[in-house]
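Asker: Spelled out, the chains give:
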Amino acid sequence: MLEVIVVVFLALGVFFLFVGAIGLLRFPDFYTRLHATGKCDTLGVALVILGLLVYHLFYYSDTPLVCVKLLFLILFIFISNPTATYALMKAAYRTGLKPWKLGDERR
Amino acid sequence: MIENEGKGFRILVTFCVMFLFWLLLSGIFDALHLTAGVICSLIVAVISYDLLVVGKRNKTLVRSFRLLLYIPWELWQIVLANIDVAYRVLHPKMPIDPRIIEFDTSLRSDFALVTLANSITLTPGTITIGVRDGRFWVHAVAKEPAEALTVDGTMQQKVADVYMEW
Chain A
1 MLEVIVVVFL ALGVFFLFVG AIGLLRFPDF YTRLHATGKC DTLGVALVIL
51 GLLVYHLFYY SDTPLVCVKL LFLILFIFIS NPTATYALMK AAYRTGLKPW
101 KLGDERR
Chain B
1 MIENEGKGFR ILVTFCVMFL FWLLLSGIFD ALHLTAGVIC SLIVAVISYD
51 LLVVGKRNKT LVRSFRLLLY IPWELWQIVL ANIDVAYRVL HPKMPIDPRI
101 IEFDTSLRSD FALVTLANSI TLTPGTITIG VRDGRFWVHA VAKEPAEALT
151 VDGTMQQKVA DVYMEW
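These protein sequences, in sequence, are chains A and B.
Using the numbering used here, the letters of the first sequence correspond one by one to residues 1 to 107.
Using the numbering used here, the letters of the second sequence correspond one by one to residues 1 to 166.
Errors might be hidden in some of the hints.
Unchecked claim - In silico DSBU-like cross-links for lysine-lysine, where the CA-CA straight-line distance does not exceed 35 Å:
| id | chain 1 | residue 1 | chain 2 | residue 2 |
| --- | --- | --- | --- | --- |
| 1 | B | LYS158 | A | LYS101 |
| 2 | A | LYS98 | B | LYS7 |
| 3 | A | LYS101 | B | LYS7 |
| 4 | B | LYS143 | B | LYS158 |
| 5 | A | LYS90 | B | LYS143 |
| 6 | B | LYS143 | A | LYS98 |
| 7 | A | LYS98 | A | LYS69 |
| 8 | A | LYS98 | B | LYS93 |
| 9 | A | LYS69 | B | LYS7 |
| 10 | A | LYS69 | B | LYS143 |
| 11 | B | LYS143 | B | LYS93 |
| 12 | A | LYS101 | A | LYS90 |
| 13 | A | LYS101 | B | LYS143 |
| 14 | B | LYS93 | A | LYS69 |
| 15 | A | LYS90 | B | LYS158 |
| 16 | B | LYS7 | B | LYS143 |
These are computed hints drawn from the structure, not numbers from a lab.
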């Protein structure tokens, strides 16, 4: 039963990371590609870590502090990932990269 | 000296947070490690007390509590955002219609602006490009997420509630 929960978390996480990679290839320009990677990577990595956390909590319950460290990892990823996305966006916008509009050619 | 009001309290709060962080990361509870932790937390607290706790003491606790209530809603929005992106990526016709929108908020404090900017980035279909004096530039991947920000303004309201800036 426990393995099922862990595998579900890991599979969902890998699914979202996979979707992020596909989005990076399919979307037409820089800004829309950041939509795919910035969001999917955050939740994908968080779900993978959550799966590891549940696994560790039940199989190595003599060292529960590792779970706290994994939680901190999730927290910091949730703070730093949108910030990094924002920095990339702003850099692109300031250098004058034109956003793709509906009907434009694919770049 | 309004700036130094509650300085001791702010150092104390920073110290407690830092020492808790030390305890959780080290996991060793003998005298040597605890002493080292106290000394390091004290140094960090004295140097950077004004970074962690900003503002008056009576509001800080209420704000932290309200922020805790805001986080679950935000987590749910992140899940929705990912499902939204997954749908747009995997749909054969790729239903996107990107646009850049601008809007004003009444928020002014740094913490509130950062919270709103990061929240916008993590919620469905929108990414913050820039912030200046409460004015936001946002890249939206389609029409509906753009209107959720400009017309409804649910998120602005929620962040304003958390930081009590109406």
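Asker: Against this structure, judge whether each hint is valid.
Answerer: Verification of the hints:
This hinted pair checks out: B/LYS158 and A/LYS101 have alpha carbons roughly 31 Å apart, not beyond 35 Å. With a CA separation close to 47 Å, the supplied pair A/LYS98 and B/LYS7 exceeds the 35 Å bound. In summary, the hint linking A/LYS101 to B/LYS7 is not supported, as the alpha carbons are separated by about 52 Å, beyond the 35 Å threshold. For the proposed pair B/LYS143 and B/LYS158, the alpha carbon gap of about 22 Å is at most 35 Å, so the pair holds.
Between the alpha carbons of A/LYS90 and B/LYS143 the distance comes to roughly 21 Å, so the proposed pair stays at or under 35 Å and holds. Of the pairs offered as hints, the one joining B/LYS143 and A/LYS98 holds, with about 18 Å between alpha carbons and a cut-off of 35 Å not exceeded. For a cut-off of 35 Å, the pair hint linking A/LYS98 to A/LYS69 is broken: about 41 Å separates their Cα positions. Restraint check for A/LYS98 and B/LYS93: satisfied, since their Cα atoms lie roughly 22 Å apart, inside the 35 Å limit.
Note on A/LYS69 and B/LYS7: the hinted pairing holds, with a Cα-Cα distance of about 30 Å set against a maximum of 35 Å. For the hint pairing A/LYS69 with B/LYS143, the CA-to-CA distance comes to about 40 Å; that exceeds 35 Å, so the pair is violated. A threshold of 35 Å between alpha carbons decides the hint, and for B/LYS143 with B/LYS93 the separation of about 16 Å falls inside it, so the pair holds. Note on A/LYS101 and A/LYS90: the hinted pairing holds, with a Cα-Cα distance of about 18 Å set against a maximum of 35 Å.
At roughly 12 Å between alpha-carbon atoms, A/LYS101 and B/LYS143 fall within 35 Å of each other, so this suggested pair holds. Using a Cα cut-off of 35 Å, the hinted pair B/LYS93 and A/LYS69 is violated, with the two alpha carbons roughly 42 Å apart. The hinted pair formed by A/LYS90 and B/LYS158 meets the criterion: a straight-line CA distance of about 25 Å does not exceed 35 Å. Between B/LYS7 and B/LYS143 the CA atoms are separated by roughly 47 Å; this puts the pair beyond 35 Å, and the hint is violated.
Checked against the numbered hints listed earlier, the structure breaks hints 2, 3, 7, 10, 14, 16; every other hint is satisfied.
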